[in-house]
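Use these hints to put chain B onto chain A, whose structure you have.
Listed below, chain by chain, are the residues.
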Amino acid sequence: MSQDSRRDSLSSRWFELRLKPAGMLAFMVHRLSGIGLVFYLFLHLAVLNRLRGGPGNWDGFIALVRSPLFLVLDGILLLGVLLHGLNGLRLTLIGLNLGLRWQKSSFWAILGLSILLTLWGTARLLFH
Amino acid sequence: MNKSKTGWGWLGQAISGIVLVALLGLHWVAQHYLAAGGLRTYSEVVAYLENPLALLLELAFLVVVTYHALMGVRAILLDLGPGKRLTRLLDIGLILVGIATTLYGIDLLRAILTS
Numbered sequence: 001m002s003q004d005s006r007r008d009s010l011s012s013r014w015f016e017l018r019l020k021p022a023g024m025l026a027f028m029v030h031r032l033s034g035i036g037l038v039f040y041l042f043l044h045l046a047v048l049n050r051l052r053g054g055p056g057n058w059d060g061f062i063a064l065v066r067s068p069l070f071l072v073l074d075g076i077l078l079l080g081v082l083l084h085g086l087n088g089l090r091l092t093l094i095g096l097n098l099g100l101r102w103q104k105s106s107f108w109a110i111l112g113l114s115i116l117l118t119l120w121g122t123a124r125l126l127f128h
Numbered sequence: 001m002n003k004s005k006t007g008w009g010w011l012g013q014a015i016s017g018i019v020l021v022a023l024l025g026l027h028w029v030a031q032h033y034l035a036a037g038g039l040r041t042y043s044e045v046v047a048y049l050e051n052p053l054a055l056l057l058e059l060a061f062l063v064v065v066t067y068h069a070l071m072g073v074r075a076i077l078l079d080l081g082p083g084k085r086l087t088r089l090l091d092i093g094l095i096l097v098g099i100a101t102t103l104y105g106i107d108l109l110r111a112i113l114t115s
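Those protein sequence lines, which keep their order, are chains A and B. In this text, residue positions in the first sequence follow this note's numbering: the first is 1, and each later residue adds one. In this text, residue positions in the second sequence follow this note's numbering: the first is 1, and each later residue adds one.
Check before you lean on any hint, since a few could be wrong.
What the hints assert, rightly or not - To give an idea of the interface, some chain B residues facing chain A are shown, with a C-beta separation under 7 angstroms as derived from the structure:
hint : residue
1    : Gly17
2    : Val21
3    : Thr41
4    : Ala60
5    : Tyr67
6    : Ala69
7    : Gly72
8    : Ile92
9    : Leu94
What the hints assert, rightly or not - Partner residues are not named here, just some residues of chain A that face chain B (Cβ under 8 angstroms, in silico):
hint : residue
10   : Leu43
11   : Val47
12   : Asp59
13   : Leu89
It should be emphasised that the hints constitute simulated quantities derived from the structure, not laboratory data. Model, not experiment: these values are computed from the prediction. C-beta: ideal position from N, C-alpha, C; glycine also.
Bound conformation, chain A alone (with noise of 0.2 angstroms):
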C-alpha cells in the first residue's frame, strides 16, 4: 500500500463516521440547537433591558411570559439546552478518546433522555 493510499483509506474512515445517521444526526443537532441558543441569548439580554424601566416595565412583562404560549416556548429552550448540554458533553468525552464505544448509542439515549425531560418539564410549566 502506497502512502498515499494508505493516507486516503485513514482519512475516508474518518469522514465515514460523520456520513453515518447518528454522527451526522448528532453534529446537525448539536449545531442548530447551538445557534437556537445563541439567538434566545442575545433576545433574553436585549428583553432584560426592561429591569431598567422599574417594576412598571418590568411586572407586566411577567405576567406576560406565565402564559402557555410562552410556557411552551420555555419547553422548546429546555429541549435546546439538554441536547446541547448533554451532547456536548458527549463529545468532550468523545475528543478526549473516552467512552467511543459508546459514541452511538449514547447520542440516541441523550436524543431520548432530553426529549422526555422536555415533555416533563413542560408539562410542570403548564400544569403546575
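Showing chain B alone in chain A's frame:
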C-alpha cells in the same frame, strides 16, 4: 484547516461548556426554583441581586456564556472556509461584540442596583 487553532478553540469550548453546565444549572435554580412563582417581580429582582453571591453568579454566567456563544459562532463560520483576512476581521468583530455584550450586562446590573 489550522490544526492548532481548532485544537485551542475546541479545548476552550469544552472547558467553558462544562463550566456552563454548572453556571446555567445554578442560574436556573436561582431564577426559577428559589423565586416564588418561578419568576421574579421587579422588587424581587433587586433583592436577589443585592446578594453578592447572586451578583457574582450572574456576572460569571454572563461572561462565560457570551464567550462560549461567540466561539461557537466562530467555529461555524470558520467551517465556511474564510481566508486569513476575513478570519482576522471576524475575530476582531467577535471580540468587539463580546466586550459590548459584557459591558451591556454589567451596566444593566449597575442600573438595577442603583435604582
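Okay, the hints, checked on the actual structure:
1. Gly17: Hint holds; B/Gly17 Cβ to chain A Cβ min 5 angstroms, cut 7 angstroms.
2. Val21: Check passed: Cβ of B/Val21 comes within 5 angstroms of chain A, closer than 7 angstroms.
3. Thr41: The hint holds - B/Thr41 has a Cβ within 7 angstroms of chain A, the shortest such distance being about 5 angstroms.
4. Ala60: violated, 15 angstroms
5. Tyr67: For B/Tyr67, the interface hint is violated, since the closest Cβ of chain A sits about 11 angstroms away, which is over 7 angstroms.
6. Ala69: holds, 5 angstroms
7. Gly72: It holds, given that the least Cβ distance between B/Gly72 and chain A is near 5 angstroms, below 7 angstroms.
8. Ile92: violated, 19 angstroms
9. Leu94: violated, 12 angstroms
10. Leu43: violated, 12 angstroms
11. Val47: This hint is violated: A/Val47 lies away from chain B, its Cβ roughly 11 angstroms from the closest one there, beyond 8 angstroms.
12. Asp59: Holds: closest Cβ of chain B sits about 5 angstroms from A/Asp59, inside 8 angstroms.
13. Leu89: Hint holds; A/Leu89 Cβ to chain B Cβ min 7 angstroms, cut 8 angstroms.
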